[in-house]
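Below are the chains, spelled out letter by letter.
Number of protein chains: 2
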Amino acid sequence: MGIKYSERYRVPFYESDAFQNIKISGMLAEALQMSGVQSNLLGRSDVWLAEQFNYFWAVIEHEIDIVRLPKFNEEIIIETEATSYNKFFCYRNFWFKDLEGNVLVTSKSTWVLMDRETRKVERVDDEIVSPYESEKVSRIVRPHQFIKKSELENAKESSYTVRFSHLDMNGHVNNAKYYDWASDMLDLDFHRIHQPEKIFIKYNREVRYGEAVVATISQADLVTRFSINDDSAQIEIHWRKIEKD
Amino acid sequence: MGIKYSERYRVPFYESDAFQNIKISGMLAEALQMSGVQSNLLGRSDVWLAEQFNYFWAVIEHEIDIVRLPKFNEEIIIETEATSYNKFFCYRNFWFKDLEGNVLVTSKSTWVLMDRETRKVERVDDEIVSPYESEKVSRIVRPHQFIKKSELENAKESSYTVRFSHLDMNGHVNNAKYYDWASDMLDLDFHRIHQPEKIFIKYNREVRYGEAVVATISQADLVTRFSINDDSAQIEIHWRKIEKD
Chain Z
1 MGIKYSERYR VPFYESDAFQ NIKISGMLAE ALQMSGVQSN LLGRSDVWLA EQFNYFWAVI
61 EHEIDIVRLP KFNEEIIIET EATSYNKFFC YRNFWFKDLE GNVLVTSKST WVLMDRETRK
121 VERVDDEIVS PYESEKVSRI VRPHQFIKKS ELENAKESSY TVRFSHLDMN GHVNNAKYYD
181 WASDMLDLDF HRIHQPEKIF IKYNREVRYG EAVVATISQA DLVTRFSIND DSAQIEIHWR
241 KIEKD
Chain W
1001 MGIKYSERYR VPFYESDAFQ NIKISGMLAE ALQMSGVQSN LLGRSDVWLA EQFNYFWAVI
1061 EHEIDIVRLP KFNEEIIIET EATSYNKFFC YRNFWFKDLE GNVLVTSKST WVLMDRETRK
1121 VERVDDEIVS PYESEKVSRI VRPHQFIKKS ELENAKESSY TVRFSHLDMN GHVNNAKYYD
1181 WASDMLDLDF HRIHQPEKIF IKYNREVRYG EAVVATISQA DLVTRFSIND DSAQIEIHWR
1241 KIEKD
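In the order they appear, the protein sequences are chains Z and W. Under the working numbering, the residues of the first sequence are numbered 1 to 245, in order. Under the working numbering, the residues of the second sequence are numbered 1001 to 1245, in order.
Same shape as in the complex, but just chain Z (with noise of 0.2 Å):
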């Protein structure tokens, strides 16, 4: 068991979406804000692991479950937990929780280590992840098949355009950007009638400023899949239908 950090967090108007639910990009860019908070206090800083290894992390993976999405101004408890890690990765996971302590919407993540240079991923070394006491094991958590961008039925595409806003540190698109790229596929009316309860979010390249992005979906049912600039990166939404009030 790894060690556990929370902190409360009360969603602001700016990551609240048309209909007061937290956006999910701002779900993300929090909870991996939080990973950074604990690596700081733990001595494992972004800073620390550049001048250690000239290494950096990179999320590859999230599996999000949601069983409610925190509304606007609503005071929730962000938990995070390294919880295990192998040759190559390292698996976390985000809770948020309402003040009673039930779990809202539960992300796991899969991150490695890649070298700053040569954008390669890197072997876990010990010394970079024994303070968050998490578990090492040998097995490697089977990632979530998606379906690949050619075997997508019914796709449509649309086009956007890589911006400095966009950008995050590294220069590259900000990861929960991708999110955006899919979710904003489905319009205003889709929204108001359907929301998320499972996400599963690959990132397998990065994308840089001047390429042009090509989004595509394809829909069935209840399911969405999406695939960003030739399954750079790859997103599946499974989604229910809101009841009427």
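Treat the hints as calculated values from the structure; they're not laboratory data. Don't be surprised by glycine CBs; every beta carbon is placed ideally from N, CA and C. Worth double-checking, as some hints may not be accurate.
Said to hold, decoys possible - Derived, one-sided and incomplete: chain W residues facing chain Z with beta-carbon distance under 7 Å:
{"id": "1", "residue": "V1103"}
{"id": "2", "residue": "D1125"}
{"id": "3", "residue": "V1129"}
{"id": "4", "residue": "P1131"}
{"id": "5", "residue": "F1164"}
{"id": "6", "residue": "M1169"}
{"id": "7", "residue": "G1171"}
{"id": "8", "residue": "H1191"}
Said to hold, decoys possible - Covered by chain Z, according to a simulated footprint, are these stretches of chain W (three or more residues, beta-carbon under 8 Å):
{"id": "9", "segment": "1027-1040"}
{"id": "10", "segment": "1059-1069"}
{"id": "11", "segment": "1173-1185"}
Since the structure of chain Z is already known, use the hints to place chain W on it.
Chain W alone, transformed into the frame defined by chain Z:
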């Protein structure tokens, strides 16, 4: 003098740009959020305002002076004060300070109360603003004189699409988004060697979902002027060249 409210704030990675500076749009969103927190504390929440008067607050103008932009992971103090008001306008300042109290950024903003049904500006009622202890004044602060779109020289246009993720809880384009639309018309190389030192933003009309957005830019030396949708929003940015290290 109004009651001051301040909070510590650490610049998160998702509000940091490619050069590790705080994003202007994120800074504006955080400022607005803080004014909401203060209003809550003073018993004048948005819910109260809606229930008692059927009004909401709208910021119509920002004038921002930047000495230095807060950096990623820097801990700063954000301070705010509703300074004064007259028949129709309320004035509120925000200061972004380092921990020694040096002012890094100042934002002077102008607010109006709008009716939720008619979307018209309403008179400022003393009952609404008295808890802020800001000064009642007769004079109206002369707004910044923007150059109209029709008079912009060497204007170039870009088009955007309003998408679900751009909407705020009112179903309109999030205010902060206009700055991104404007600033994104300048490319990464420009941003690499320029930083804003003075920004004027005027919001004249809401932009709604489904509207086509045409952004116009006009550049003269170190001043760029933007008009979003025929002056629905006007932005003027004065840049300084960044000295090389």
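Item checked: Numbered hints the structure breaks, given as an ascending list -> As far as the earlier hints go, 1, 2, 3, 4 and 10 are violated by this structure, in ascending order.
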